[in-house]
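K.L.:
Work the whole structure out from these sequences, hints included.
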Amino acid sequence: MLSALGSIGAGFLLGTQTETISNLPGLLVLFPPLMAMRGTISGAFSARLSTALHLGTIKPSIRNNTSTFKKNFIFVIILVAIIPIWVGVFAFLVSSLFNVGGESGHLSLLGFILIAEFSGILSGFLQATITILVSILTYRRGLDPDIVVSPIIFATGDFIGVLTIVFVSQLVILSGIL
Amino acid sequence: MKIRRAMLESVPVLMLVTCISVFTGFILNTTFSLGDIIGILVMTPALLSTGGNVGTSYGARITTSLHSGLIEPRFKRVRMIYINFFAIYITGILVTVLIGFVGFFISILIGPPTLSLAQYIILAVSAGAIDFIIVLFLSLSTAFISFRHGLDPDNIVAPIVTTLADLIGICSIYLILNLII
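As they're listed, the protein sequences go chains U and H.
Using the working numbering, the first residue of the first sequence is number 1, and each one after it goes up by one.
Using the working numbering, the first residue of the second sequence is number 1, and each one after it goes up by one.
FYI, nobody ran anything at the bench for these hints, they're computed from the structure.
Treat the numbers as computed from the prediction; the structure is a model and nothing was measured.
Here a beta-carbon is modelled for each residue, glycine too, at the ideal position from N, C-alpha and C.
Fair warning: there could be bad hints in the mix.
[What the hints assert, rightly or not] These stretches of chain U come out as covered by chain H in the derived footprint (C-beta under 8 Å, 3 or more residues):
(1) 7-20
(2) 42-54
(3) 88-96
[What the hints assert, rightly or not] Label pairs and their in silico Cβ distance ranges:
(4) U/Leu133 - H/Val11: 37 to 45 Å
(5) U/Ile74 - H/Arg74: 22 to 30 Å
(6) H/Met80 - U/Ser22: 28 to 36 Å
(7) H/His67 - U/Asn64: 35 to 43 Å
(8) U/Arg63 - H/Leu179: 28 to 36 Å
(9) U/Thr66 - H/Ile180: 52 to 60 Å
(10) U/Leu133 - H/Leu179: 42 to 50 Å
(11) H/Ile93 - U/Phe167: 42 to 50 Å
(12) H/Met15 - U/Gln170: 24 to 32 Å
(13) U/Leu133 - H/Thr64: 23 to 31 Å
P.N.:
So, in structure tokens, the structure goes:
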């Protein structure tokens with residue numbers, strides 16, 4: 001139920017962006033894949049973090065941590081940097097195939113890739129940071145990160161996802177690239 | 001290298017999940033193009049994520065029962081299977097009522113109201129009613145299949161179930177919109 005709150009916040013944010021969505025036809029196509037990507041990567045990451053904390057292969061501190069910690073974090077960053085490129089491309093292909101936007105057309109390939117890539121990296125980085133902070137904090141208090149981190153990730157996930165896509169889209173419009 | 005292997009394991013699931021989701025996005029886009037029903041946009045993330053929660057909670061319970069030997073991975077009329085089915089279904093429907101309420105009030109905040117409170121609730125509940133039945137069956141089948149093949153529930157099954165739940169969810173919303181409005 002709590003995670004529904006986060007999604008409702010995401011929905012509220014989405015509802016305020018009808019103008020942006022109308023200006024960038026096809027933008028909506030990007031939302032579900034970027035959310036799914038972020039959710040999948042977050043889930044795997046938080047599970048590995050919590051296991052590593054329990055096993056002691058990771059220290060419950062933000063700085064000067066083990067190489068396992070660094071490798072896991074780098075791995076997340078690599079994934080959220082690469083996958084969105086494919087998302088952008090595929091979203092473009094599907095939009096073209098189904099003639100999204102009709103006569104006025106839809107976002108260009110560059111547009112899809114730009115927005116997907118930057119919001120993908122941004123949301124992935126934010127979510128990873130939150131996951132790390134919450135995992136370390138709960139572990140330090142003697143709680144089980146698995147139990148606390150999951151609901152928080154679910155609740156904030158959708159909201160962070162929508163926020164980053166909206167933010168990046170606004171930047172893209174303002175900068176006049178599209 | 002352990003990390004490289006872990007990375008390689010995630011990639012297939014990620015590719016599958018993102019590909020399916022692009023189609024979900026396409027239907028979302030089409031739904032929005034039907035008309036400026038802002039409230040639908042507001043309710044969509046909540047409805048989709050509730051569908052995902054319904055699927056994964058049921059999936060988790062079935063998987064636990066499978067692992068503890070309480071049930072077999074076959075479609076038999078077993079109490080565990082159908083009682084949980086209905087319990088989670090009802091809980092999900094209750095959440096959609098809430099979503100309907102919140103959707104209505106948020107849409108008033110954002111702009112001029114287009115639909116009535118009753119219409120919001122009916123939309124949310126109807127979409128959920130169709131969505132959850134399909135998602136629950138899917139979740140049950142997925143739990144059986146993944147149990148038989150020894151697939152990882154957290155990293156493979158959960159993302160697939162939530163992604164399919166998103167797709168079914170947006171289709172339900174689209175369907176209900178076309179039927180009711």
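K.L.:
Starting from the hint list further up, note which numbers the structure goes against and sort them upward.
P.N.:
When the structure is compared with the hints, numbers 4, 5, 6, 8, 11 turn out to be violated.
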